[in-house]
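Which chain is which? The protein sequence lines are A and B, in order. Under the UniProt record's numbering, the first residue of the first sequence carries the number 1, and numbering increases by one thereafter. Under the UniProt record's numbering, the first residue of the second sequence carries the number 1, and numbering increases by one thereafter.
Because the hints were derived from the structure by calculation, they are not lab data. The beta-carbon is built from N, C-alpha and C at its ideal position, and this holds for glycine as well. Treat the hints with care, as some may be off.
What the hints assert, rightly or not - Here are some, though not all, of the chain B residues that point toward chain A, as calculated from beta-carbon distances under 10 Å:
#1 G365
#2 L378
#3 K489
Said to hold, decoys possible - Calculated pairs, DSS-like style, for lysine-lysine (alpha carbon to alpha carbon, straight line, at most 25 Å):
#4 K271(B) <-> K140(A)
#5 K448(B) <-> K140(A)
#6 K229(B) <-> K228(A)
#7 K140(A) <-> K252(A)
#8 K205(B) <-> K252(A)
#9 K229(B) <-> K27(B)
#10 K205(B) <-> K448(B)
#11 K27(B) <-> K228(A)
#12 K314(B) <-> K325(B)
#13 K385(B) <-> K228(A)
#14 K229(B) <-> K252(A)
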Amino acid sequence: MTTASVPLPAWINYGLIPLLNLILAFFFSGLVVWAIGESPFEALQLLLIGALGRGEGIGFTLFYTTSFIFTGLSVAVAIHAGLFNIGSEGQAYLGGLGAALVALAMDHYVPWYVTMPFAVIGAALFGAACAAIPAWLQAKRGSHIVITTIMFNFIVSSLMNYMLVRVLIVPGKMAPETRTFLPGGQLPKLDWLIAMFGGKLGAAPLNFSFLIALIMCFLVWVLIWRTKLGYEMRTLGISPTAASYAGIRYSKIVMITMLISGGLAGMMALNPVMGASARLQIEFVGGAGFVGIAVSLMGRNHPAGIILAALLFGILYQGGAELSFDMPSITRDMIVVIQGMVILFAGALEYMLRPAIVRFYQQLTGK
Amino acid sequence: MSFDSPKEPAIELVGIDKKFGTVHANKNINLTVAKGSIHGIIGENGAGKSTLMSILYGFYQADHGEIRISGKPMTIRDSQAAIAAGIGMVHQHFMLVENFTVLENVMLGAEGGQLLAKGVASARKELKRLEDDYGLEVDPDAVIEELPVGSQQRVEILKALYRGADILILDEPTGVLTPPEADHLFKVLRVLRDQGKTIILITHKLREIMAITDTVSVMRRGEMVATRKTAETTVEELAELMVGRRVLLRVEKGAAHPGGVLMSVRNLTVKDSRGVTMVDDVSFDVRAGEIVGIAGVAGNGQSELLEAIAGIRKPSSGEIFIDGKPVAGVDPAGLRDLGLAHIPEDRHHMGLVLKFEEYENSILGYHRDPRYGRGPFLDLDAMRKDAEEKIGKYDIRPPNPRLRTANFSGGNQQKIVVAREIERDPKMLLIGQPTRGVDIGAIEFIHKRIIEMRDAGKAVLLVSVELDEIRSLSDRILVMFAGRIVGEKSGEAGEQTLGLMMAGIAA
Chain A
1 MTTASVPLPA
11 WINYGLIPLL
21 NLILAFFFSG
31 LVVWAIGESP
41 FEALQLLLIG
51 ALGRGEGIGF
61 TLFYTTSFIF
71 TGLSVAVAIH
81 AGLFNIGSEG
91 QAYLGGLGAA
101 LVALAMDHYV
111 PWYVTMPFAV
121 IGAALFGAAC
131 AAIPAWLQAK
141 RGSHIVITTI
151 MFNFIVSSLM
161 NYMLVRVLIV
171 PGKMAPETRT
181 FLPGGQLPKL
191 DWLIAMFGGK
201 LGAAPLNFSF
211 LIALIMCFLV
221 WVLIWRTKLG
231 YEMRTLGISP
241 TAASYAGIRY
251 SKIVMITMLI
261 SGGLAGMMAL
271 NPVMGASARL
281 QIEFVGGAGF
291 VGIAVSLMGR
301 NHPAGIILAA
311 LLFGILYQGG
321 AELSFDMPSI
331 TRDMIVVIQG
341 MVILFAGALE
351 YMLRPAIVRF
361 YQQLTGK
Chain B
1 MSFDSPKEPA
11 IELVGIDKKF
21 GTVHANKNIN
31 LTVAKGSIHG
41 IIGENGAGKS
51 TLMSILYGFY
61 QADHGEIRIS
71 GKPMTIRDSQ
81 AAIAAGIGMV
91 HQHFMLVENF
101 TVLENVMLGA
111 EGGQLLAKGV
121 ASARKELKRL
131 EDDYGLEVDP
141 DAVIEELPVG
151 SQQRVEILKA
161 LYRGADILIL
171 DEPTGVLTPP
181 EADHLFKVLR
191 VLRDQGKTII
201 LITHKLREIM
211 AITDTVSVMR
221 RGEMVATRKT
231 AETTVEELAE
241 LMVGRRVLLR
251 VEKGAAHPGG
261 VLMSVRNLTV
271 KDSRGVTMVD
281 DVSFDVRAGE
291 IVGIAGVAGN
301 GQSELLEAIA
311 GIRKPSSGEI
321 FIDGKPVAGV
331 DPAGLRDLGL
341 AHIPEDRHHM
351 GLVLKFEEYE
361 NSILGYHRDP
371 RYGRGPFLDL
381 DAMRKDAEEK
391 IGKYDIRPPN
401 PRLRTANFSG
411 GNQQKIVVAR
421 EIERDPKMLL
431 IGQPTRGVDI
441 GAIEFIHKRI
451 IEMRDAGKAV
461 LLVSVELDEI
471 RSLSDRILVM
481 FAGRIVGEKS
491 GEAGEQTLGL
501 MMAGIAA
């Protein structure tokens, strides 16, 4: 209570404290690794080399990062207006349908750069549509958005099962997925980006949607901090009573915010659907929507922080996969434990060290 | 420990020093409070009164200094230790469980054992004894939320006494009370003192200090600047000590020159979210160039009335006219366009977004105005320039538009709101509790601005629970009780008359 209000310099707030949290997370993860009889240092080394060692590893890391940036932004935009959107997972899933329909319709006729803007819009529209009903229920009926967005994750999952098994499946095939898009419905790989740093992308699926994600980061920053709409969202998010005093309409802002949030989640689908596998597959989101919540919290709901947090989770995903490959006793589940540690220390317990650091800082500066 | 000599100090604070980061909240404070006395502590907001009392009650630890209770040095680590040392605190905002009975609240945290029955019986007996001894009559089985505020406060006092408090700290105890309730509180405090209890009264109301205390200490900017025997000082001297310069306690204003009716309210009825009628068939007019004050004890419908006129709350029936146009149902943004400005009662939750930087708050409600940015964008430079102008004109300190609003003192926060609303040059001004939690220096400033608005021909509707404020500013006074306007008086009406009307006794 007494130290919470003490201001700290930015380098401590945004640099030192997250770094210490991360070190703690890795320390406890190391204990777990040590407990099952492996060397923590070797594991860490394998993880980092796997994620960042070669061009291909970096390509995979940035591929995961791209997805997490989209879902992280989705969660962050909603949080700025005081809404906890837990449905990014389902919104991204439905966004995949939007992107796939555009790709299937256009890939025969036009090159990728003509398809892309329509695919972006399609993915965003479908994602937004998925958020629209929970938003409307929250705005007009007061049904809690956390509950309704969770329910929509299940609804979308069932709907997509139906679509892929009954409607979009290629006749005569077993796999519940669409046909493979022609190059006109794919996003190009970013070989040149990795080549700029002297690496080789190899088989890694890093693609153009990474750049779209970065552009969205900038646009979200402009929206939140440089527009009147963003001002109204932030006012509502911090103080609903002040918003009503200022004549900011609750239902309007809730609707707009959730449509934007759902749209950003929907765009995540561009990355795996049009960038990596070039077809719509079942369960392609794979939890990226939920990771977005952790990314947004860790990144302090700021686009710059979200990029860094998404990168961290990208490293954990890619490095973790390599690690479980090289150290068979460390299973996929162990990697989830390590990721859980990071979320625990860097997200949930982010203020645990703060009082001690404040006291140390005060002693140091003699105040 | 002798009870015979009243001169023996109950509390001695020696060299208490406390810093929060760069803020030096308490500088080498020395204070002695005699046993069996009522000792007042006054000072502006941010002078360090609350910090000092929080140290005494164990919320904070002093960086240096010593606390002695009845001559014995004590370390008070937490409120538990404070209670053990015989210190009880009555907070400004009550710490009661609303749907518990009086008895349950008093017992809370001192139930005595795992099973309730035995504890309840002995607590009931003890409570009865305390009520008889100190004249604190409250029904032990009444549910808190059904009790009037004055009685709730008595429950807080009983809670402290039940835990064996010999020293009672009261933090701004009369803020929520009607004048008759405040008188009753003072009676109780005198009885407690005469029975040997020691009372520390924190307040910013000089009149109360004069009425009830035996000695008074003045704090200013973290320092204890003076301690006086109440009988040997004056209101003027205390005000000067608090502010550090001479202050005008009475607002100077000339006669009003009311013009045409700018705002009228007809048969307005407002219900709250539970469907309870808060404003009941209220009608009145406000003319250009006059200040109409609405007096009343908090919770009698004034807040709802103000919010309904400001467009925040939908009236369930009745009409509101601005310039003759019906506006019931128009939202706050639409009303602002019609020239209605609103300084809301609760600056923390309504008038300001505390986490925003100062310049962001200086456009709240007017953020769609093209002067703060074209199209959908905000022009941060224009906003900051505008904020800086207001900061200069209204002497808002510190003069930093990039500072978080929460880090300004109460008075300066209120100035941010006042500046924003008045600088729009509105035709009509709604004002709720303009000086709640605001220090004397800023009160004087804000009152002057309000009078200037009136003299510039604006219609001003003022709601305040501070009767002094209503009386000194208003040209006409309407008294609200239980949602109705029970009477109208001129600005010169006596406090006694108004006090009785506010209590619903006489019209």
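Here is what the structure says about each hint:
1. G365: Status holds, d = 4 Å.
2. L378: holds (6 Å)
3. K489: Constraint on K489(B) not satisfied, violated at 30 Å.
4. K271(B) <-> K140(A): Status holds; Cα separation ~20 Å.
5. K448(B) <-> K140(A): With a Cα-Cα distance of about 44 Å, the restraint between K448(B) and K140(A) is violated, given a limit of 25 Å.
6. K229(B) <-> K228(A): violated (56 Å)
7. K140(A) <-> K252(A): holds (10 Å)
8. K205(B) <-> K252(A): Outside the cut-off at roughly 44 Å; violated.
9. K229(B) <-> K27(B): holds (22 Å)
10. K205(B) <-> K448(B): Holds. K205(B) to K448(B) sits at ~19 Å (cutoff 25 Å).
11. K27(B) <-> K228(A): Measuring from Cα to Cα gives roughly 44 Å; hence the hint is violated.
12. K314(B) <-> K325(B): Holds: K314(B) and K325(B) sit about 17 Å apart, inside 25 Å.
13. K385(B) <-> K228(A): The hint holds at about 17 Å.
14. K229(B) <-> K252(A): Between K229(B) and K252(A) the Cα gap is close to 60 Å, so the pair fails against 25 Å, i.e. violated.
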